[in-house]
Amino acid sequence: MKMRLGELADKLDLVLDGDPDCLIEGISTLTNSRANTVSFLANPRYRTALENTSAAAVIVREADRDFCPVNALISRNPYLSYAHLSALFAPNLSSEQAIHPSASIHPGAKLANHVRIGANAVIEDGVELAAGVEIGAGSVVQQACYIGAYSRLMANVTIYHHCRIGERVLIHSGSVIGSDGFGFTRDQDRWVKIHQLGRVLIGNDVEIGSNTSIDRGAIDDTVIGDNVIIDNLVHIAHNVSVGSGTAIAGCVGIAGSVEIGENCTFAGGVGVAGHLQIAPASTLLAMTMVTHSLKHPGVYASGIPADEQKIWQKNAVRFRQLNDMARRLRALEKALLPSS
Amino acid sequence: MKMRLGELADKLDLVLDGDPDCLIEGISTLTNSRANTVSFLANPRYRTALENTSAAAVIVREADRDFCPVNALISRNPYLSYAHLSALFAPNLSSEQAIHPSASIHPGAKLANHVRIGANAVIEDGVELAAGVEIGAGSVVQQACYIGAYSRLMANVTIYHHCRIGERVLIHSGSVIGSDGFGFTRDQDRWVKIHQLGRVLIGNDVEIGSNTSIDRGAIDDTVIGDNVIIDNLVHIAHNVSVGSGTAIAGCVGIAGSVEIGENCTFAGGVGVAGHLQIAPASTLLAMTMVTHSLKHPGVYASGIPADEQKIWQKNAVRFRQLNDMARRLRALEKALLPSS
Amino acid sequence: MKMRLGELADKLDLVLDGDPDCLIEGISTLTNSRANTVSFLANPRYRTALENTSAAAVIVREADRDFCPVNALISRNPYLSYAHLSALFAPNLSSEQAIHPSASIHPGAKLANHVRIGANAVIEDGVELAAGVEIGAGSVVQQACYIGAYSRLMANVTIYHHCRIGERVLIHSGSVIGSDGFGFTRDQDRWVKIHQLGRVLIGNDVEIGSNTSIDRGAIDDTVIGDNVIIDNLVHIAHNVSVGSGTAIAGCVGIAGSVEIGENCTFAGGVGVAGHLQIAPASTLLAMTMVTHSLKHPGVYASGIPADEQKIWQKNAVRFRQLNDMARRLRALEKALLPSS
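Here the protein sequences line up with chains A, B and C, keeping their order. When the first sequence is numbered by the working numbering, its final residue is 340 and no position is left out of the sequence of numbers. When the second sequence is numbered by the working numbering, its final residue is 340 and no position is left out of the sequence of numbers. When the third sequence is numbered by the working numbering, its final residue is 340 and no position is left out of the sequence of numbers.
Keep in mind that the hints were calculated from the coordinates and are not lab data. Only a predicted model underlies this, so the values are computations on that prediction, with no experimental measurement involved. Some hints could be false.
Under the rule of at most 35 Å between Cα atoms (straight-line distance), these lysine-lysine pairs were calculated in the DSBU-like manner [as the list claims (entries may be wrong)]:
1) C/Lys110 - A/Lys295
2) B/Lys193 - C/Lys110
3) B/Lys334 - B/Lys314
Cβ-Cβ distance ranges computed for the label pairs, FRET-style [claimed, not checked]:
4) B/Gln321 - C/Asp66: 48 to 58 Å
5) B/Asn113 - C/Arg186: 51 to 61 Å
6) C/Gly6 - B/Lys110: 50 to 60 Å
7) C/Pro297 - A/Asp189: 45 to 55 Å
We treat Cβ as the ideally placed atom computed from N, Cα and C, and that holds for glycine.
Extracted from the complex, chain A is given alone in its bound form:
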């Protein structure tokens, strides 16, 4: 994959200050730049790296142009331009065969034009795959699912029956959509299963990482809004709804029936207890433990940051005395500061 720098500037709609015939073969970071690549300066504090770059060209803001010792591509938002650039250099990995002969496709499935299905994939009865859908090797799409146009399942994805997935959705390997919600009730001393009759509905332009699980609803559906992005090893329980534009990083667990507003950001390892609401545009820092609804947008955190074990241990022991300490402090104040 090679491209003239002038052509590349045109495709990214950027002004080029330099040689349009320079040949570009890839992308590199400023701190690890290589010849014949394009790099970018998104954060001014890397300006020293810019001045020492080995890249053939760098995407910079107008204000950084004079510090660029090589070809400059002028952008109002270099990081966004880099995102567009990354799409140009993404490899096309489609196989020659549209439908691999080893795939198992039920005659009751409906496949639109330009559908691609990988080796040993399984498409069950009543499934409908819209135009341009790609199903990776070993993936299983169970009965009566609908997958919207240009959506892609990577290898070894599982979609349970009757789920609906929007357009341009990307689901990574090992993820499971539509497994049963964790619904049981006690009959005397036994757990009795509550069969999970809802579905998972996924909007358009969603990305779901690897080894993530999204359970189907008990009665109503689990709903993932448009343009939601979800990382690896995330657990989304039954009847959760995730508002559009929300980002959920790795290892997050969301218990049942939680309602997450639009445009929230969940850092890694956050946990949310069941039946809570999270206000739109909330940000939850890493490993936050949410045990009550967050009704107002804001930045939330919890937990204790890492410390040397010996110090931590002494403090952790005192945590167990904290209520007692508070009472004793109050008693001291009362005894000694009469005005308090």
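With chain A's structure known, arrange chains B and C on it following the hints.
Using the frame of chain A, we list chains B and C on its own:
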């Protein structure tokens, strides 16, 4: 799937106060009720929803019967009746073919009557599948496993060699049973693998969610008791034993050789360090960190609930001074309250 | 699998104090010992179990020899000798067929001698498998990957395109290597994908547990050093580097671009925020939350250990007042201890 309300009442062994010929097509929640469905009132605080329901019938306690504006099904435990109802409306997803021709079944495997095996599933040498077992598409059952009657693996499940699974067990997609325990020892500056020679033994009436991992034992076995229910993305390390009737919610991690008693409840995100005991009937709230054995039944918790980040940060800084604060508080008491 | 005790002593390079013709069929733990097995005493506090053992032979230190009522194998490091012993009794599970006929192997893949490929596995174009590589049933190795000699993928593993895996690597089921890093940027009110063009590079003698995800780098590569051992359900984000000899237990999450030194130990459930450095030889206790770089080797911890819920709740409420308490304590000191 349609059923007369009278027939439905008979199957659930409930008294019907209403029209037995009313035709029922599904289940709905009270807050999102639909015509031709049955709903239920498990919690009296939703009585307003009951009074405004659009459902054709509602399962209610005798005490709530008079508030039900539609057909009433009288139950001593509406939530349990709903569980039974959910089984009636669970779709039958069995394919026409008992054994899909693309499945790879070793001639040394023994299949009892009414076994069903999905597309591209793999059954290795020496495997024994009891009557009514269903193996989902793409699942792999390795050498010499035994799977008891009416147990079901959904799609893309992996069972390592020599594991034993009881009757009526349900294992969801992406889960892995019998992977090697994390056993290594240092030989000078290198990790040396300890081969994991135990098995995983799973009792009867167990359910395991999606993308859960249960490791085989190092020498002895990892043991999951009868009627244990386990959610998604749970990690159960080697030689753990889980007592019967215990429930483990999503994202829980149990380190090696932990012994969990019967009828415990683990909320999401709990972590238990290695070689500990958890007393029977213990309840661990979400994200509890267990670093010492819990010898007595009880409700346990830990962690810091979410707060606004600015407030949390100030408090988290003070946590590092907590031991110092406790000493200073004691010094004040000694100096100023001679009797203390 | 049976072996004379004398032969076993020779293979483990241990001195035998006992009957070389005793027949050994397996391994047992001291606390659950069985006839015709070898056990080991690694920790002197189990000496009572030694004295009551039913094993045919026990690996002991010279100092424990006199307490051993049965055949003794004398070792300077019984636990390491047990590791070597475990390798002798590990079952050989290779199938008769080197390449299962149902595997889908692209003609553009290059397979060295003694490669084994399981049922329904998929090997794509440009893949290179070195001598002795084993690919488990249902595993998918995407375009242009390289897998070094004697490495093994268990069943249902997924390796994305262009990744490189060293020699003698073992990857357990459900794990995903090379899925896209979680890279997006906002374009006004929309998430725009940053295509992930780096690879995952895995060194030699690495083990990766089940259902673990290691993402490919955004531009540069994600790098796992030699002899790294990683447990189940671990999330390693894009551009992380893990130094050789580091051990990472289950449910750990490492955010993007974290640099982990050599010979670190991460207990279960640890979380590390993005772009941090962890000094070599650091130990992080279970569920530690790392939000700043750990520049010096040491033992680190965080979090609040489990307590009875009623007690915990009172203390957790006080945590929210901790900054206030610290100020009030200081005020008391100032008012009442003029010298402070």
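Should the hint that C/Pro297 and A/Asp189 are 45 to 55 Å apart at their CB atoms be regarded as holding? holds, 51 Å
If I claimed the Cβ atoms of B/Asn113 and C/Arg186 lie 51 to 61 Å apart, would that claim hold in this structure? holds, 58 Å
Does the structure keep B/Lys193 and C/Lys110 at a Cα separation of 35 Å or less? holds, 29 Å
Given the range 48 to 58 Å, decide if the beta-carbon distance of B/Gln321 to C/Asp66 lies inside it. holds, 53 Å
For a C-alpha distance cap of 35 Å, please report whether C/Lys110 and A/Lys295 respect it. Judged against 35 Å, a Cα distance of about 58 Å means the pair is violated.
Taking the Cβ atom of C/Gly6 and the Cβ atom of B/Lys110, is their distance within the range 50 to 60 Å? With Cβ atoms ~38 Å apart, the hint is violated.
Does B/Lys334 pair with B/Lys314 here, judged by a C-alpha cut-off of 35 Å? Judged against 35 Å, a Cα distance of about 28 Å means the pair holds.
The structure fails to meet hints 1, 6 from the earlier list, while all remaining hints are met.
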